[in-house]
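Here are the chains, one letter per residue:
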Amino acid sequence: MTYLAKPRFHHPKLPTNALGYTRRDYEGAVSTLCAGCGHDSISAAIIQACFELDLPPHRIAKLSGIGCSSKTPTYFLGASHGFNSVHGRMPSVLTGANLANRELVYLGVSGDGDSASIGLGQFAHSIRRGVNMLYIVENNGVYGLTKGQFSATADRGSTSKRGVANHDQPIDLVTMAIMLGASFVARSFSGDKAQLVPLIKAAIRHQGAAFIDCISPCVAFNNHPGSTKSFDFVRAHNEAVNRLDVMVEREPIVADYAPGEVVDVMQHDGTVLRLRKLDAQYHPTDKRAAVAYLQERDAAGEVVTGLLYVDPEATDLHANLDTVATPLNALDDAALVPGQAALDKVNASLR
Amino acid sequence: MDGRGPEGGEGIPPTDIRDPSYFHKVVDCQWACPAHTPVPEYIRLIAAGRYSDAYMVNWKSNVFPGILGRTCDRPCEPACRRGRVEAEPVAICRLKRVAADYKDDIRHLLPEIPAAKNGKRVALVGAGPAALTVARDLMPLGYHCVLFDRDSRAGGMIRSQIPRFRLPEEVIDEEVGYITGMGVELRLGKSVDSLAGLLAEGFDAVFVGTGAPRGKELDLPGRREAAANIHIGIDWLSSVSFGHVDRIGKRVIVLGGGNTAMDCCRSARRLGGEDVKVIVRSGFEEMKASPWEKEDAMHEGIPILNFLVPKEFTHEGGRLTGVTFEKVAAKYDEKGRRSLVPTGEPDQHVPCDDVLVAVGQENAFPWIEAETGVEFDRWGLPRLDPATFQATNPKVFFGGDSAFGPKNIIWAVAHGHEAAISIDRFCRGEDVSQRPPPDFGLSSQKMGIHEWSYDNDISVDLRFRVPWAESEKTLRNIAVEVELGFDPKTAFAEAQRCLNCDVQTVFTTQLCIECDACADICPVDCITFTANGTEADLRGRLNAPAPNPTQALYVSEFLKTGRVMVKDEDVCLHCGLCAERCPTGAWDMQKFLLEMSHAGHACRSH
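Chains as they are written, first to last, in my numbering: chain S, 1 to 351; chain R, 1 to 606.
Do not take every clue at face value.
Distance condition first, Cα-Cα at most 27 angstroms in a straight line; then the derived BS3-like pairs of lysine-lysine [said to hold, decoys possible]:
(1) R:Lys216 with R:Lys288
(2) R:Lys190 with R:Lys120
(3) R:Lys120 with R:Lys60
(4) R:Lys277 with R:Lys103
(5) R:Lys489 with R:Lys473
(6) S:Lys161 with R:Lys560
(7) S:Lys6 with R:Lys216
(8) R:Lys473 with S:Lys6
(9) R:Lys103 with R:Lys60
(10) R:Lys446 with S:Lys6
(11) R:Lys560 with R:Lys60
(12) R:Lys250 with R:Lys327
(13) R:Lys288 with R:Lys277
(14) S:Lys13 with S:Lys71
(15) R:Lys277 with S:Lys13
(16) R:Lys560 with S:Lys277
(17) S:Lys277 with S:Lys287
(18) S:Lys161 with S:Lys147
In case anyone wonders, no lab produced these hints; they're calculated from the structure.
Values in this document were obtained by computation on a predicted structure and should not be read as measured data.
Chain S on its own, in the form it takes in the complex (with noise of 0.2 angstroms):
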């Protein structure tokens, strides 16, 4: 953490993209968070993300809960619209804004308080909803505000920085959500942006609920020999199944890699995720595989990242429920209060 803003200036060959901002237009105020924290490393990537998307600022709705990921939105996208909502209320708030204006981009920020405790109930339901989002945990296993006691995510047998160890049962929130009928699922590691950018491009494309568990080490009270969601465990545990290339359409499209290393999965926007597999066992559009096999590498200690389960053919809360296409914001007083006569023949419907 620092008291000072980031100076203005900035590298003389940075790029701009298609909108003509610089990766600079896409930040926010200055972190107040501990120095080193993974969620400042996971707002860059969102940051990169979003500049390397040629998003429009205005256009992009953040929202979260409490807790220190929960902050995070203030240190990214100054110039988007932004709700800090109450602790483990963000899902709620989402999904009505959601409603209310399809046309923002959603981004759901929480942590593993905010969504596997007091919140795990909003996570499950906007989840289940298909929300059209990008809900993202920034997932440290402690609760580092009230310094440093496990959370719902700590691993079983996994101590705390004072030697404790944890004897509860952790939530895997990556398979819940799959359970729960997510259509783009996927597991990263604020230490590797080189994944983690991809990642959050193709969840933001994705029309439908994309949900990222995000491993974030808390350095202040979680990132020490005991911990396993420390950098070096997480380092030396991680199996990456594949990585990802985002394309969206005005960028070619080069195959150099052997039939069978790639696979390709467009989404319903026309973004094609290229896939490069790293575990060739591993099908990311195969639920019950994906489900299995995360059990199983979780069996054997070891954190599966990537892009772990997709449906291409996702539909969203809109499409279930039919709803107007034009957000409410922009439809006329008749369309929004059509008066008795409606309300009558409403009523008349349902004798």
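The hints should help you fit chain R onto chain S, whose structure is shown.
Frame of chain S; chain R shown alone:
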């Protein structure tokens, strides 16, 4: 990842930061300064209002802060990192003047001169910046120095060639006086006409700092006939300085494009010249004069005409009537060499009353006899050891313009320091070729979690202009100084533009946990964690391109993941955010203070 580059080689070896030249190069201004003045150090002192301390940092390195703060060729400024980050460099030179303008009486801070002398006598020929520097360095060591000059007052070209409207006499008197006041024996007002005679006087060493005293001639038709109105630039400037000349014709042509030409034209403008022109052979861009000196001249209504080669001085009845020029254009051959080719247009005649010839200077040593053993090369320059400045007669040393041809004051000072080391070692019977290493220190500037002993909040101000006196006033009187200098408030703001490049980013590989915090916060993307490789390969794949090969890459040892940390020094703001964000203290901001060793105990072998 095994940390090796794509070519499978080991890649760049870790940077050796114990080598003082590594961090010295990062301090671009100090590296570029011939005397290696610790620029950021004195700029911070100015910002802190400690003008006397800032002055003494300068005085130790460059001897003439008040003089150089007005007249230096400032090699530091084109080198300044700020010029690569935004539009213009820090006004380093004019900040130096600030230290001189606002200091208190500093006489008690000058070195003590021992009453008991060491018995060695050194002759200094020419009382210019080089010889004065030698005296400055040797007097505190107990030497008896004797200063010779043909002019009646010490200062050399500083006094004779630089016009008063750029450098007031009081400033010269003060700074030259600090040195002559050390008890130097002065033998002024009389030329030395024999080196053999001087050596016969029994001096233990002789230092020659006679400059480049002869202005080049322009031997064209009409030169002799119109001689009364054709003047050699440096001689004319000297006559103006000493009050022998106080008028010139209404229409003046200055031939030549160097800084002397700029001084000539601006002086002429003040002595009755109403229509003064500078006319140069080459293109405007290729002129030798510093850009700011050209600007100053043009600001005073003096046009600079280019691509005109003088052919003839025209005259009538023994009186100059003008100069005829041939029009030329620059042509470049396939090797990029330039030649000036006549355009074929008719010659241009420019009428005038006086011509000032400022087309270069030459060395002249008519007083050095062959029997002294001092040999000269075919360009008429003394044969010297390039590091010690010792001549082929081991008792004789050269420095300043007389050593390697015309340069400038700051180079003369740098030569003077080196020559003083040589003379001291020579007089003590020590090997002159053994040169003392510079003294340097590296110390952490951390005061607290977010506190540093320097101001790391980067100012976004653009370069401030030095205010000028009204031209109605300055053009009427040659003694009125044009530049007024910064007031303390502006000086502070300008000082805050300094990026503190001497506060170095020091990386300790063993402490790094590769959390990326530094790479994320760096405002100019100069930090990358990646596989090692060859330099060309690395420069192409860092977080931001690193195309400037004159700026080093700082490479760590291999990290836990097999990668290395690579930092491109090019546009680092030295804001210290990498160190503030580092959870383990792998980055630290450490002040690198390098001071050149001058003659004295530190330079001796025992």
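Here is what the structure says about each hint:
1. At roughly 15 angstroms between alpha-carbon atoms, Lys216 (chain R) and Lys288 (chain R) fall within 27 angstroms of each other, so this suggested pair holds.
2. A threshold of 27 angstroms between alpha carbons decides the hint, and for Lys190 (chain R) with Lys120 (chain R) the separation of about 23 angstroms falls inside it, so the pair holds.
3. Our distance criterion of 27 angstroms between C-alpha atoms is met by Lys120 (chain R) and Lys60 (chain R), whose separation comes to about 23 angstroms.
4. Simply put, Lys277 (chain R) and Lys103 (chain R) have alpha-carbon atoms about 39 angstroms apart, too far for the 27 angstroms limit, and the pair is violated.
5. A hinted pair counts as satisfied when its Cα atoms are at most 27 angstroms apart, and Lys489 (chain R) with Lys473 (chain R) qualifies at roughly 25 angstroms.
6. For the proposed pair Lys161 (chain S) and Lys560 (chain R), the alpha carbon gap of about 22 angstroms is at most 27 angstroms, so the pair holds.
7. Restraint check for Lys6 (chain S) and Lys216 (chain R): not satisfied, since their Cα atoms lie roughly 55 angstroms apart, outside the 27 angstroms limit.
8. Of the supplied pair hints, the one linking Lys473 (chain R) and Lys6 (chain S) is violated, its CA atoms being roughly 46 angstroms apart against a limit of 27 angstroms.
9. Only pairs whose Cα atoms come within 27 angstroms are accepted, and Lys103 (chain R) paired with Lys60 (chain R) is accepted, the gap being roughly 15 angstroms.
10. Between Lys446 (chain R) and Lys6 (chain S) the CA atoms are separated by roughly 19 angstroms; this keeps the pair inside 27 angstroms, and the hint holds.
11. A distance of roughly 46 angstroms separates the Cα atoms of Lys560 (chain R) and Lys60 (chain R); the hinted pair therefore is violated under the 27 angstroms criterion.
12. Simply put, Lys250 (chain R) and Lys327 (chain R) have alpha-carbon atoms about 25 angstroms apart, close enough for the 27 angstroms limit, and the pair holds.
13. Proximity of Lys288 (chain R) to Lys277 (chain R) is assessed by CA-CA distance (about 17 angstroms); at most 27 angstroms being required, the pair is judged to hold.
14. A threshold of 27 angstroms between alpha carbons decides the hint, and for Lys13 (chain S) with Lys71 (chain S) the separation of about 31 angstroms lies outside it, so the pair is violated.
15. At most 27 angstroms may separate the alpha-carbon atoms for a hinted pair to count; Lys277 (chain R) and Lys13 (chain S) exceed this at roughly 42 angstroms.
16. Among the hinted pairs, Lys560 (chain R) with Lys277 (chain S) is consistent with the structure: their alpha-carbon atoms are about 25 angstroms apart, no more than 27 angstroms.
17. With a C-alpha separation of about 17 angstroms, the suggested pair Lys277 (chain S) and Lys287 (chain S) falls inside the 27 angstroms cut-off, and the hint holds.
18. For the proposed pair Lys161 (chain S) and Lys147 (chain S), the alpha carbon gap of about 10 angstroms is at most 27 angstroms, so the pair holds.
The earlier numbered hints that this structure contradicts are 4, 7, 8, 11, 14, 15.
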